[in-house]
Amino acid sequence: MDIQGKVAIVTGVSKGIGLETVKQLLAEGAIVAGWGRTSPKLEDTNFHFFKTDVSDWENVQSSYKATSDKLGKASVLVNNAGMGYQGLIHEMDVAEWKEMYDINVHGLFYCIKVAVPSMIELGEGHIINISSIAGTSGIKTMSGYVGTKHAVRGISHSIFQELREHGIKVTTIYPGSTNTNFFDSIELANANDNMMRPQDVANSIVQSVQTFPNYHVVDLEVRPLWPKGNPNK
Numbered sequence: 007m008d009i010q011g012k013v014a015i016v017t018g019v020s021k022g023i024g025l026e027t028v029k030q031l032l033a034e035g036a037i038v039a040g041w042g043r044t045s046p047k048l049e050d051t052n053f054h055f056f057k058t059d060v061s062d063w064e065n066v067q068s069s070y071k072a073t074s075d076k077l078g079k080a081s082v083l084v085n086n087a088g089m090g091y092q093g094l095i096h097e098m099d100v101a102e103w104k105e106m107y108d109i110n111v112h113g114l115f116y117c118i119k120v121a122v123p124s125m126i127e128l129g130e131g132h133i134i135n136i137s138s139i140a141g142t143s144g145i146k147t148m149s150g151y152v153g154t155k156h157a158v159r160g161i162s163h164s165i166f167q168e169l170r171e172h173g174i175k176v177t178t179i180y181p182g183s184t185n186t187n188f189f190d191s192i193e194l195a196n197a198n199d200n201m202m203r204p205q206d207v208a209n210s211i212v213q214s215v216q217t218f219p220n221y222h223v224v225d226l227e228v229r230p231l232w233p234k235g236n237p238n239k
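The sequence shown runs contiguously to residue 239 in the numbering used here.
A hint or two may mislead.
Stated by the list, open to error - Label-pair distances were calculated between CB atoms; the ranges are:
1. A72 x T142: 31 to 37 Å
2. S164 x T51: 34 to 40 Å
3. K104 x I145: 15 to 21 Å
4. P237 x G173: 43 to 49 Å
5. I145 x G173: 35 to 41 Å
6. K47 x N238: 21 to 27 Å
7. G129 x W232: 39 to 45 Å
Stated by the list, open to error - Derived pair list, reagent style DSS-like, types lysine-lysine, alpha-carbon separation capped at 25 Å:
8. K21 x K57
9. K57 x K71
10. K119 x K146
11. K119 x K76
12. K29 x K79
13. K76 x K21
14. K57 x K47
15. K146 x K104
16. K29 x K71
17. K146 x K234
18. K104 x K79
19. K119 x K104
20. K57 x K119
21. K71 x K47
22. K119 x K71
23. K57 x K104
24. K76 x K29
25. K79 x K119
26. K104 x K21
27. K29 x K47
28. K76 x K104
It should be emphasised that the hints constitute simulated quantities derived from the structure, not laboratory data.
Note that the Cβ used here is the ideal one computed from N, Cα and C, for glycine as well.
Assemble the whole structure, with the sequences as input and the hints as a guide.
Written out as structure tokens, the structure reads:
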């Protein structure tokens, strides 16, 4: 898709992969609606922030209407908003478990639900869903988060079959460890320079969107080459 002048919605834009994706979409000429609880420190005439809690269905509907009224129909949706808690299954806090599913799964559904009708009208669209390596396997003490990311994968694989006839692509990205604030509340690891850079993940997202209309990137798994550091240094 040629994204010059096209409207793109990105969720979870305050920092990390979401913010880097916004910057790169803007650099390619897109008009970007940033949805999130906190506005990023970013000023650009083509960037518009809409305060949004993706876990709130009413709020998502309001944000999409405000986005459409101000910018027009969105051709791109990047579902980046997500979070995780760590804990053994029998010790997991019920409220934290529910919050993960409300944001990572229900929020994904809400955003797709509001965006797809306009994409069908346009006859084109691209939905990028950010899963995780955790969406392909199990991780001890991360069952709740892993479950949400498996759900993202299953939803994505199903809806791409529903939407392809309308010219809408659905791509799922599975990043490995990325140097973002995600690890601030996770004991498995601390964010460090051996992890991937969020701007590189964002670059893969934008490149997937810019592919030829009949070329569909369904799944894209990305990992750090040297997760424990370059052995040659």
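Results for each hint:
1. A72 x T142: 31 to 37 Å: The hint (31 to 37 Å, Cβ to Cβ) holds, given that A72 and T142 are roughly 36 Å apart.
2. S164 x T51: 34 to 40 Å: Holds: the Cβ-Cβ distance is about 38 Å, inside 34 to 40 Å.
3. K104 x I145: 15 to 21 Å: 20 Å, holds
4. P237 x G173: 43 to 49 Å: 45 Å, holds
5. I145 x G173: 35 to 41 Å: For I145 and G173 the Cβ distance comes to about 36 Å; the hint holds.
6. K47 x N238: 21 to 27 Å: 37 Å, violated
7. G129 x W232: 39 to 45 Å: Given a distance of about 43 Å, which is inside 39 to 45 Å, the answer is holds.
8. K21 x K57: Holds, at roughly 14 Å.
9. K57 x K71: Judged against 25 Å, a Cα distance of about 13 Å means the pair holds.
10. K119 x K146: Answer violated: K119 to K146 is near 32 Å, above 25 Å.
11. K119 x K76: 19 Å, holds
12. K29 x K79: It holds: about 20 Å lies between the C-alpha atoms, which stays within 25 Å.
13. K76 x K21: 24 Å, holds
14. K57 x K47: 14 Å, holds
15. K146 x K104: 19 Å, holds
16. K29 x K71: Holds, at about 23 Å.
17. K146 x K234: 20 Å, holds
18. K104 x K79: Roughly 31 Å separates the two Cα atoms, so the pair is violated.
19. K119 x K104: 20 Å, holds
20. K57 x K119: Within the cut-off at roughly 18 Å; holds.
21. K71 x K47: 24 Å, holds
22. K119 x K71: OK: K119 and K71 at ~13 Å, within 25 Å.
23. K57 x K104: 22 Å, holds
24. K76 x K29: Roughly 20 Å separates the two Cα atoms, so the pair holds.
25. K79 x K119: Holds. K79 to K119 sits at ~14 Å (cutoff 25 Å).
26. K104 x K21: Given that 25 Å is the threshold and the Cα spacing comes to 23 Å, the pair holds.
27. K29 x K47: 11 Å, holds
28. K76 x K104: 33 Å, violated
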